[in-house]
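Trainee: Listed here are the chains, written in short residue letters.
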Amino acid sequence: MNQVREHWTGRIGFLMAAIGSAIGLGILWKFPYTVGENGGGLFLLSYFIFLVIVGIPIFIAEIILGRSSQRAAVGAYEMHDRKGAGWKVTGWFGVLASFLIMSFYSVIAGWGMSYILMSLNGFYQNLSGDEVSKAYNALSTSGDISLFWHFLFTLITTAIVISGVRKGIERWAKIMTKILLVLLVLLFLYTLTLSGFGKAAQFIFHPNPADFKLSSAIEALGLAFWTLSIGQGIMISYGSYMKRSDSVVQMSGIVAFSVIVVAILAALMIFPVVFTFGLEPQAGPGLIFQTLPYLFAQLPGSLVLSTMFFTLFVFTALTSAIPLIEVVATNIMELKNISRKKAAIMVGSATFIFGIPSAFANSSTVFPDWAAIYGMNFLETINSLVSIWVIPIGGLLSAVFVGWVMDKKIAREEFVFGTKLAYLFRPWRFFLRWIVPLTILIIIIQKSGLYNFDQLLRGGN
Amino acid sequence: MTQVREHWGSRLGFVLAAVGSAIGLGVLWKFPYTVGQNGGGLFLFSYIVCIIIIGIPVLIGELLLGRHSQRAAVGAFEVLSPERPKWKIAGWFGVLSSFLIMSFYSVIAGWGMSYVLMSLSGFYQNLSSEEISGVFMKLSHSGSITLFWHFLFTLITMSIVLSGVRKGIEFWSKIMTRALFVILLGLFFYSISMDGFGKAAHFIFYPDVDQFKFSSALEALGLAFFTLSLGQGIMISYGSYMRKKENIPQMACIIGFSVVVVAILAAMTIFPVIFTFGFEPQQGSGLIFKTLPYLFAQLPGSLVISTIFFTLFVFTALTSAIPFIEVVATNIMELAHWPRKRAVLLVAAGTFIFGVPSALAFSQNLFPNWQNIYGLNFLDTIDNFVSTWIIPIGGLLTALFIGWGLKREISHEEFPLGRKWQTFFKIWHFFMKWIIPLTIFLIILQKSGIINLDGGDHGPYPVEHDAPGKQGT
Chain A
9 MNQVREHWTG RIGFLMAAIG SAIGLGILWK FPYTVGENGG GLFLLSYFIF LVIVGIPIFI
69 AEIILGRSSQ RAAVGAYEMH DRKGAGWKVT GWFGVLASFL IMSFYSVIAG WGMSYILMSL
129 NGFYQNLSGD EVSKAYNALS TSGDISLFWH FLFTLITTAI VISGVRKGIE RWAKIMTKIL
189 LVLLVLLFLY TLTLSGFGKA AQFIFHPNPA DFKLSSAIEA LGLAFWTLSI GQGIMISYGS
249 YMKRSDSVVQ MSGIVAFSVI VVAILAALMI FPVVFTFGLE PQAGPGLIFQ TLPYLFAQLP
309 GSLVLSTMFF TLFVFTALTS AIPLIEVVAT NIMELKNISR KKAAIMVGSA TFIFGIPSAF
369 ANSSTVFPDW AAIYGMNFLE TINSLVSIWV IPIGGLLSAV FVGWVMDKKI AREEFVFGTK
429 LAYLFRPWRF FLRWIVPLTI LIIIIQKSGL YNFDQLLRGG N
Chain B
1205 MTQVREHWGS RLGFVLAAVG SAIGLGVLWK FPYTVGQNGG GLFLFSYIVC IIIIGIPVLI
1265 GELLLGRHSQ RAAVGAFEVL SPERPKWKIA GWFGVLSSFL IMSFYSVIAG WGMSYVLMSL
1325 SGFYQNLSSE EISGVFMKLS HSGSITLFWH FLFTLITMSI VLSGVRKGIE FWSKIMTRAL
1385 FVILLGLFFY SISMDGFGKA AHFIFYPDVD QFKFSSALEA LGLAFFTLSL GQGIMISYGS
1445 YMRKKENIPQ MACIIGFSVV VVAILAAMTI FPVIFTFGFE PQQGSGLIFK TLPYLFAQLP
1505 GSLVISTIFF TLFVFTALTS AIPFIEVVAT NIMELAHWPR KRAVLLVAAG TFIFGVPSAL
1565 AFSQNLFPNW QNIYGLNFLD TIDNFVSTWI IPIGGLLTAL FIGWGLKREI SHEEFPLGRK
1625 WQTFFKIWHF FMKWIIPLTI FLIILQKSGI INLDGGDHGP YPVEHDAPGK QGT
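Protein sequences, first through last, are from chains A and B.
Quick note: to get the working numbering, add 8 to the position in the first sequence (first position is 1).
Quick note: to get the working numbering, add 1204 to the position in the second sequence (first position is 1).
Everything labelled a hint here was simulated from the structure, so no lab data went into it.
The reader is advised that the hints may include incorrect statements.
What the hints assert, rightly or not - In silico BS3-like cross-links for lysine-lysine, where the CA-CA straight-line distance does not exceed 30 Å:
id : chain 1 : residue 1 : chain 2 : residue 2
1  : A       : 251       : A       : 38
2  : A       : 349       : B       : 1371
3  : B       : 1637      : B       : 1651
4  : A       : 182       : A       : 350
5  : A       : 207       : A       : 417
6  : B       : 1371      : A       : 91
7  : A       : 96        : B       : 1637
8  : A       : 96        : B       : 1342
9  : B       : 1371      : B       : 1290
10 : B       : 1545      : A       : 349
11 : A       : 91        : A       : 349
12 : B       : 1448      : A       : 91
13 : A       : 91        : B       : 1545
14 : B       : 1371      : A       : 455
15 : A       : 350       : B       : 1651
16 : A       : 186       : A       : 38
17 : B       : 1545      : A       : 344
18 : B       : 1342      : A       : 91
19 : B       : 1651      : A       : 344
20 : A       : 350       : B       : 1545
21 : A       : 416       : B       : 1624
22 : A       : 417       : B       : 1637
23 : A       : 344       : A       : 428
To be verified - Quick partial rundown of chain B residues pointing at chain A, CB under 10 Å, derived from the structure:
id : residue
24 : 1318
25 : 1325
26 : 1332
27 : 1342
28 : 1549
These numbers come from a predicted model, not from an experiment.
Glycine included, each C-beta is placed from N, C-alpha and C at the ideal position.
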């Protein structure tokens, strides 16, 4: 490349972008429920442990790959693959994951934008629970309106990516991630005052050994994995914009720690609302788009509350969507030598088009027989394909590559630079070579339904 | 051409690309059945003989046409026979067959991709056999979903060809053909452990004299021809990327041998599954998309087996589809002096559009009366047309050109020096002149139903209505 690569202006820029990327919708709508259902405090503890022994090592590995090569995923693998054994395919795996996620992510985020508008209108303030559910059904089965929001969200994300690393990604990530944190804290302070707070705290923190099975531990492992945006080539790109003076280990630790704090805050913000009204804990779109709006409408200051919450939702989605387009676009930029603008527009259009069947998934107008053939609608099919297969396999390969294939000297150099934690290099490499691949294999086996590890204990009794 | 022609990066790259091209869906879903129905061991023996006396010689011929001329099919005939430009019609036959095959191949391969996804989600693990058949009916009758996969497969093939010979075709063929071998071996070892393995071995290897008729010998000949990707201009293109120092006859033998091994392995992988459950041997899409998924679901580790099998299926299709687009595109590139990118985009768009009626063949949204008029649906019509007429005629013309039209010195030059190879050259040349054109002519007569060499106790070659993609590229 003849151009000089753009870098983050400083550490805060990188941290905000990386944290914003890592905190995704899963933290809002999956994490709280999963914690509660899998033994509360025990689950949290195991999540924390896995974050340290699995998540952070891969996170570090991906950043090292990017920073040492100064390339996006495909180029990074190609550069360090000294024997030309075709490892760059792993980079393509990350690109594929990012592309597929963006295609349906923006449909869901689009619904979130629609809810901001609905909140501002005070639309559902006088509606019953059923009527609020109906509004969501009408929205999600209305192909054209879903498509409109899908388009708008893709457009905004693409526009930010077009402006480049500093002026686009860093600037907006700084603003949005900060607002996101502020909104989260404000909403948390509000829910502290609700009567259901104690019950929510109990649900999330109280260690309940009966609910904590072997599969729960694997669930925690999976969460540790997904909540750090690894296996998608994102951290390779973000690492490549990092200056060499920054400590990779420290940065990774800060990102992981922030993710935990935010995840717990999110859980403690959402569930008090649910418990205050005596409802059962839930997860997914039903929680966000059907239950919460109804409950917000019952609370004082509902218009503000609801608008704030869905702004938080959209910002969460947007800071995670930016790197998805960025990863695909920068790989194309480097490989085809085209400008950032052209690449970003191409990628934005492609994810928009590939997302159309997802936008129509609930109305069944595009592929009416899809659910009958694949057992779930288009959006869910892509989602489960990515989260069960593409991301874990991508993460597994990146760990194996950095642990076994990449030059140890380069890895050490990058690891040691600018840090006092150089003594962690050996444990890190050990985890990357042995523990990480093993645990990811276990995740894939359990999640795909190949084998249920709960049988292991039951068989032993 | 002003540019320097791109060549294979390594000998291994060429062999893997050529073998990947030769091993097509026919090897998976037609070969095992045909062997068993035509006298097992005897048929297998005659197939191997035909590979040696017909397949490999024609393969050598096509490779040397390409390497000597450094052109794709049409240009090769033009350059090598400037005084009789009519020969280039043989090149056009190859281009036409590649184009037509790609158009429906990607529909079938697309279903294969859909089955990878279905296997990954463990979707059909608890379904009954009828329900699984129902799912395939739904898929093949859903025009929009079939089109979606058809588009995706064409897109993937196109992106590989876009990147050029080394970075595209060679790079991906190396990965996929290797993966294909590994997967096949893995599945084969699994099949060995099954009850039906002995029965399958019997079905495929036991020489059953009663079943072996004269038409069986011709069938073996046809298979030998189809399973080496001959008559489609592919090996002319692939030969043109070869360097002068490579030994063409040797390469051709390696390719021929690998294809035979893979074909037998595939047969010994698929049929044990069927015999273990006491099913009748079958072929075609019914075997792959209805019977096998049901049987896989009954086996331990079904998710892995089924996913791996359909990945094998897709890789097989992809390594064969790459040269289809490549052949058509490189001919256009050379004749119209276009850049690779433009030619490839145009060809891919062309095969996609021409494949739309094939993708909608089962849902009958398009051409609803096709079947009433032609007896087969659109996809099967094209398949039948190509494999009965276009490929054999293209092959016949190519063989005639190499035997009669091409100057003996030119082909002599492409053979390596040394007494052994010189003797080999004489035999080869004799075969190209007399034996091969004659046998291809016989294949055409028998396959098209013009004559029946068995003496009338069987009708003309039966057409399986549920078996798209019968040809064995």
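Trainee: State for each hint whether it applies.
Mentor: The hints, checked one at a time:
1. Between the alpha carbons of residue 251 of chain A and residue 38 of chain A the distance comes to roughly 34 Å, so the proposed pair goes past 30 Å and is violated.
2. The hinted pair formed by residue 349 of chain A and residue 1371 of chain B meets the criterion: a straight-line CA distance of about 25 Å does not exceed 30 Å.
3. In summary, the hint linking residue 1637 of chain B to residue 1651 of chain B is supported, as the alpha carbons are separated by about 22 Å, within the 30 Å threshold.
4. A C-alpha spacing of about 25 Å is found between residue 182 of chain A and residue 350 of chain A, which places the hinted pair at or below 30 Å, so the restraint holds.
5. Only pairs whose Cα atoms come within 30 Å are accepted, and residue 207 of chain A paired with residue 417 of chain A is rejected, the gap being roughly 52 Å.
6. This hinted pair checks out: residue 1371 of chain B and residue 91 of chain A have alpha carbons roughly 15 Å apart, not beyond 30 Å.
7. For the hint linking residue 96 of chain A to residue 1637 of chain B, the alpha-carbon distance of about 47 Å lies beyond 30 Å, and the restraint is violated.
8. A threshold of 30 Å between alpha carbons decides the hint, and for residue 96 of chain A with residue 1342 of chain B the separation of about 37 Å lies outside it, so the pair is violated.
9. Distance hint between residue 1371 of chain B and residue 1290 of chain B is unfulfilled; the C-alpha atoms sit about 35 Å from each other, more than 30 Å.
10. With a CA separation close to 21 Å, the supplied pair residue 1545 of chain B and residue 349 of chain A stays within the 30 Å bound.
11. As the CA atoms of residue 91 of chain A and residue 349 of chain A are separated by approximately 34 Å, the hinted pair breaks the 30 Å bound.
12. About 26 Å separates the Cα atoms of residue 1448 of chain B and residue 91 of chain A, which keeps this hinted pair within 30 Å; it holds.
13. For the suggested pair residue 91 of chain A and residue 1545 of chain B, the alpha carbons sit about 29 Å apart, so the restraint of at most 30 Å is met.
14. For the hint linking residue 1371 of chain B to residue 455 of chain A, the alpha-carbon distance of about 35 Å lies beyond 30 Å, and the restraint is violated.
15. At most 30 Å may separate the alpha-carbon atoms for a hinted pair to count; residue 350 of chain A and residue 1651 of chain B exceed this at roughly 53 Å.
16. At most 30 Å may separate the alpha-carbon atoms for a hinted pair to count; residue 186 of chain A and residue 38 of chain A meet this at roughly 22 Å.
17. Annotation: proposed proximity of residue 1545 of chain B to residue 344 of chain A holds, straight-line Cα distance about 12 Å (limit 30 Å).
18. Restraint check: the Cα-Cα separation between residue 1342 of chain B and residue 91 of chain A comes to about 46 Å, which exceeds 30 Å; the hinted pair is violated.
19. A threshold of 30 Å between alpha carbons decides the hint, and for residue 1651 of chain B with residue 344 of chain A the separation of about 48 Å lies outside it, so the pair is violated.
20. Using a Cα cut-off of 30 Å, the hinted pair residue 350 of chain A and residue 1545 of chain B holds, with the two alpha carbons roughly 17 Å apart.
21. For a cut-off of 30 Å, the pair hint linking residue 416 of chain A to residue 1624 of chain B is broken: about 51 Å separates their Cα positions.
22. For the hint linking residue 417 of chain A to residue 1637 of chain B, the alpha-carbon distance of about 62 Å lies beyond 30 Å, and the restraint is violated.
23. Between residue 344 of chain A and residue 428 of chain A, the direct Cα distance comes to roughly 39 Å. Violation of the 30 Å bound is thereby established for this hinted pair.
24. For residue 1318 of chain B, the interface hint holds, since its Cβ comes within 10 Å of a Cβ in chain A; the closest pair sits about 7 Å apart.
25. Proximity of residue 1325 of chain B to chain A holds as hinted, the smallest CB-CB distance being about 6 Å (cut-off 10 Å).
26. A distance limit of 10 Å between C-beta atoms decides the matter here; for residue 1332 of chain B the minimum to chain A is near 15 Å, and the interface restraint is violated.
27. Because the closest C-beta pair between residue 1342 of chain B and chain A is about 5 Å apart, less than 10 Å, the hint holds.
28. This hint is violated: residue 1549 of chain B has a C-beta 14 Å from the nearest C-beta of chain A, more than the 10 Å allowed.
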